[in-house]
Structure formats: C-alpha cells, structure tokens
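Number of protein chains: 2
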Amino acid sequence: MSLKLTILGCHSATPKVNAHPTSQYLEINNTHFLIDCGEGTQRQMRKYKVGFSKINHIFISHLHGDHFFGLIGLISTYGLLNREKKLHIYGPKGIKEVTMLQLKVSNSWTKYPLIFHELASAESETIFENDKVIVKTIPLTHRVYTNGFLFTEKHTLRKLHIENIAQYNEIEICDYHNIKAGKDVILSTGEVIKNEELTLPATKPKSYAFCSDTQYKPAIVPIIKHVDLLYHEATFLEDRADLTERTKHSTAKQAAQIAKDAEVSQLIIGHYSSRYDNLLKFKEEAQEIFNAVELAESGKVFMV
Amino acid sequence: MSLKLTILGCHSATPKVNAHPTSQYLEINNTHFLIDCGEGTQRQMRKYKVGFSKINHIFISHLHGDHFFGLIGLISTYGLLNREKKLHIYGPKGIKEVTMLQLKVSNSWTKYPLIFHELASAESETIFENDKVIVKTIPLTHRVYTNGFLFTEKHTLRKLHIENIAQYNEIEICDYHNIKAGKDVILSTGEVIKNEELTLPATKPKSYAFCSDTQYKPAIVPIIKHVDLLYHEATFLEDRADLTERTKHSTAKQAAQIAKDAEVSQLIIGHYSSRYDNLLKFKEEAQEIFNAVELAESGKVFMV
Chain L
1 MSLKLTILGC HSATPKVNAH PTSQYLEINN THFLIDCGEG TQRQMRKYKV GFSKINHIFI
61 SHLHGDHFFG LIGLISTYGL LNREKKLHIY GPKGIKEVTM LQLKVSNSWT KYPLIFHELA
121 SAESETIFEN DKVIVKTIPL THRVYTNGFL FTEKHTLRKL HIENIAQYNE IEICDYHNIK
181 AGKDVILSTG EVIKNEELTL PATKPKSYAF CSDTQYKPAI VPIIKHVDLL YHEATFLEDR
241 ADLTERTKHS TAKQAAQIAK DAEVSQLIIG HYSSRYDNLL KFKEEAQEIF NAVELAESGK
301 VFMV
Chain Y
1 MSLKLTILGC HSATPKVNAH PTSQYLEINN THFLIDCGEG TQRQMRKYKV GFSKINHIFI
61 SHLHGDHFFG LIGLISTYGL LNREKKLHIY GPKGIKEVTM LQLKVSNSWT KYPLIFHELA
121 SAESETIFEN DKVIVKTIPL THRVYTNGFL FTEKHTLRKL HIENIAQYNE IEICDYHNIK
181 AGKDVILSTG EVIKNEELTL PATKPKSYAF CSDTQYKPAI VPIIKHVDLL YHEATFLEDR
241 ADLTERTKHS TAKQAAQIAK DAEVSQLIIG HYSSRYDNLL KFKEEAQEIF NAVELAESGK
301 VFMV
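Those protein sequence lines, which keep their order, are chains L and Y. For the first sequence, counting from 1, position 172 maps to 172 in our numbering; every step adds exactly one. For the second sequence, counting from 1, position 166 maps to 166 in our numbering; every step adds exactly one.
In isolation and in its complexed conformation, chain L is listed as follows (with noise of 0.2 Å):
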C-alpha cells in the first residue's frame, strides 16, 4: 500500500509559461486518480510522466476555467489513442452539458464510454467505493458549487502473527484468510484462540483530502480529520486578506489553522495568487500556525 501525489499545477486563474493552473494525479492503493484538470493538463501529465492510460476516475471540483478547461482536451486525445476502457467525470451539474456540446460541435464522439457522475448535494457524500479505495466530497463555500475530495483506502486486513501460527501446527494456509480478516481460530479440541495472539494491528489506512477552491471554512474540520496529507488552497497572503470574502478564498494562515484544527500529518498549500512573485512567504506565514507545510509546485511528489 502506498499514496504518492504528483502535482501537476497549482497555480491560480491564468496559465503562463511557468504557472499551470490546479491539476494533480493521486495513486492510493494502486488505484489511479486525476483531480481537476486546468488547461494544459495532459501536457503536464506527460512532462512528469505520471500514468496516463491508468486514469479512468476523474474528479472535477468546481467549473471555473482553472479548474476544467483542460478536460475535454484530454478526452479527445483518450479518443485519438483508442481508448475503450470506460471514463468515469465526477463533478458539478453541467459538465456532462459543456463536454458533450464540444464533442458535437467537433464532431469527434469518444468511441468508449464516458460516464458522467453529476454532483449537487451540500452534504459530503461517497461519490466513488470499490475494494481499495472510499472517495467522499468535501462541500466547500466558492463562489460557484464546489467540492473538495477525500480518498481513503479500505479499511486493511490484519497481519499475520507468523511465529505465533506456527506454534499451532493445525492452522493452514487456507485459514490465513479468516484470520487476516479479524476471526479467532476454533482448534479440534474446541480450544478458541483469540484472533489478538495470532494478528498484528492493520497498517492505519491511508488517507488525503483536496480542498480547492474555498474560503476559510471550519466546517469541514470533522471531514478531514487526521487525514495523512491535506492539499489546502492558499490564494491569498496576510496583505490581501480582505479580498476572501468577495473571492472566496483562503490565506495562507487560513489553510493552516484549518490542518492544525484537523489534526492532518502534513499540510500542502497551493492555488497562489499570480500577484505574488516570492512564494516562500506562504509557507513562512503558514507556518505561524502549523509546522508540517509544504508549497505545492509543479512536479513535486508527495509520498506517505
């Protein structure tokens, strides 16, 4: 088991030669992940090299430009690849209307199945569940409907206690299964060994949540709880403060209270406002409230 992020744009608003805007791919648990995807994505996806023909979930937290506006570049060119695995497109209400309007009017219908998952509800909800991974909006206040995500992995199985089994020479290999999963082992003399003496605890399951775009919004402190790794939007600086509430955004001060008051591992700040030229200053005033911050920039990768 392994969760490693790539971070493929973090900038905000307008993309320029070396600011692309929000994109990130997220493997947990072996399962392949594109969270938004701004313009100039599936160049970025090249670049760092991540796996481009794994993705078949791709999460979209609100539609401004920055956000979206690489998608259905990247459909196309599953489409020009021959692509026929099924995509599935998590995101706002209308982004099954604007992505089918482009195909038509380019007359170029993906030949495999796009599958549109169209979210409108306020209240976190599951959005995506299979064996290895649990993935579950994050309501967010922005100006438009927006949804951070939370990726969790399946609760794990228990590890075997090796030296310990061995001293039962009753137990198989074919029990391992049931032990792993948590059940005691019944002997032929109708002894009960307690399945505490045959396990280990279970590696603690992984977990990351996104929040962008959003403005300081405690609310979902109990969402994200001691989550391992927090990508949290830092727009502003202290300076410009007062432009939140009309934007919608958060300082970089804001991201980090809300990592301290979720008791999250580590913090990564992104989505700087192109107003700012030195971006170590998010990180200094970040750091005011919570140690464990890192800033998001394009290619860096984060390991738990």
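Just so you know, not all the hints are guaranteed correct.
Given that identical chains are not distinguished, each listed pair holds provided it fits within a single copy or across any two copies.
[What the hints assert, rightly or not] Straight-line distance between alpha carbons at most 27 Å, and here's what the computed BS3-like set of lysine-lysine pairs gives:
(1) K86 x K16
(2) K248 x K104
(3) K260 x K47
(4) K132 x K281
These aren't lab readings, by the way, just hints derived from the structure by calculation.
Given chain L, work out where chain Y should sit, using these hints.
Here is chain Y on its own, set in the frame of chain L:
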C-alpha cells in the same frame, strides 16, 4: 509596413511536451491577429512574448479540438485581466454556442464585448476589412466545415517623388494626399502634371494565406495566387499518402504542389502527424516539387 508571422504551435491532434497544437500570431500592416487556438495557446503567447493584449480578432479555421480548445481559456484570461475592448471571434457555426455554454457553467461572463461572426458559406467571402487589411476565407475540404484565411494589406498609396515635386513651387503639402492617391495636378497655368511624374509606385501589398486543415484542393489556387507567404498543412509524408482521403489531410508534396501552382513566394508547412519523428523528411519531400519551403516550428518567426 511589414508582415510578421509567429508560429505558436504547429502539430496535429494531441498536445505533447514539445508538440503544441495549431496557433499562429500574425502582424500585418500594424494589425494583430490570432489564427486558430489549440489548447495551451495562451501559454505559448506568453512564452514567445507576442502582443497578448493587441489581439482584437481571432480566426478559427474549424472546430476540431487541436484548433480551438484553447479559445475559452484565452477568453477567460482576457476577462481576468479586466479587458474592456471588444474581441471578435470568426469561426464555424457552433462556436458561439459552445463558448457561451462554457462561460455560463463557469459563471464567468466577460465584462468586455465578445462578438461572434459565425461562418457557413462554401464560397470565399470577405469577413474583415479596415483601412489597413482585408481578410477573406479560403474554403477548405476537411472532415468538418473548415476555412483557411487570406490576409492582404489594403492597396497602398503611391510614394511621393519629392525631387520632381520640388520643381513646382505651386504644389503644397496639402496637395500630397491627392497626389499619393494617384491624382494629377492642374497648375494655375492650366498645365496638367501627370501623377506618374510626381510619384513612385506603391509598395506591393503583402499577403499571407493560412490553409489548415485540408485535403489537397487545387480549387484554392486562384484565391491564394501570388501570396508572399503560404502556410499549408502537411500532415503526412508519401509513405502514408493512403490516409489523406479518409482523414481529409494533405501530404508535404501536395502542399508543395499548391504552392507551386499558386506561384507563392514562400511556403511554410506544418500540422505534422505525431507518427513522424524526423520532420526534415517533410521539407525534403516538399522540395521535390517546390524549393522555397520552410518547416513550421513553435516560436519560429517569418518576416515579409
């Protein structure tokens, strides 16, 4: 007067790290135009430092993604930069609906006027004209409705022959405009001084023809006859000439044949299929037909 063409992208289909889809920036007679706008065009405009805010007219050849998926991002960026002046978009029917829907779902209507000129004619037509430049469509044959564009300087005024004029004290500066416009001068004696004596020939109006994407189409030759600069797509080499019929694209040789028949001064080829690594082959094959060939590449500038 001058004509300056900057290639922003010239590859077909899927963007890659060093293969940008079609877009060109044209300065002609001090007027600035953007031609096609594949994904990532605004980033390329920044990279090559073309006049980002000088663009008031954008011409889109057709609605395949590699020619227009960057348009919505550029429109949005102009909005974020507080643009106030009008932006005119010329392109196939459908371009307005798809753009407006994207602005609607992202709740980001532009504050500046966005004016669409939807094209549907199968004949060449004048779509833009001011006192400096005239722009006509070049109907092409592709899988969807497609136009090339012919940019021609407006017929220029004759130049004053100052030495000859100086021989007539009676001719004053206020007469110069009529003389440059080709009129004769009648002296107070009744003597007529022929315009040819007072002027030198005007500079030949410069012209640029953009032809992408298209199957080999000799019918365009009369429209682009004698242009100074012709960009013509060359998606395939001879080895895959069999694909031109189905895909409605041209080979390098076919582009060269058009250039030869139209007696243009200079041919630029581009829109290379991603199956080819060695682009020099395109130039070699084209030069079997027409010698003055250059390969398009991102950032390359052509002056007339």
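Copy assignment of K248 with K104, given that the CA separation must stay at most 27 Å: Between copies only: 19 Å across, 34 Å inside.
Quick one: K86 to K16, C-alpha cut-off 27 Å, is that within a copy, between copies, both, or neither? between (32 Å within a copy, 23 Å between copies)
Is the C-alpha distance from K132 to K281 at most 27 Å within one copy, between copies, in both cases, or in neither? Result: close neither inside a copy nor across copies, 38 Å intra and 49 Å inter.
Regarding K260 and K47, is the shortest C-alpha distance of 27 Å or less found within a copy, between copies, in both, or in neither? The answer is neither: 34 Å in one copy and 39 Å across copies each exceed 27 Å.
Hint check: violations occur at hints 3 and 4; the rest are consistent with the structure.
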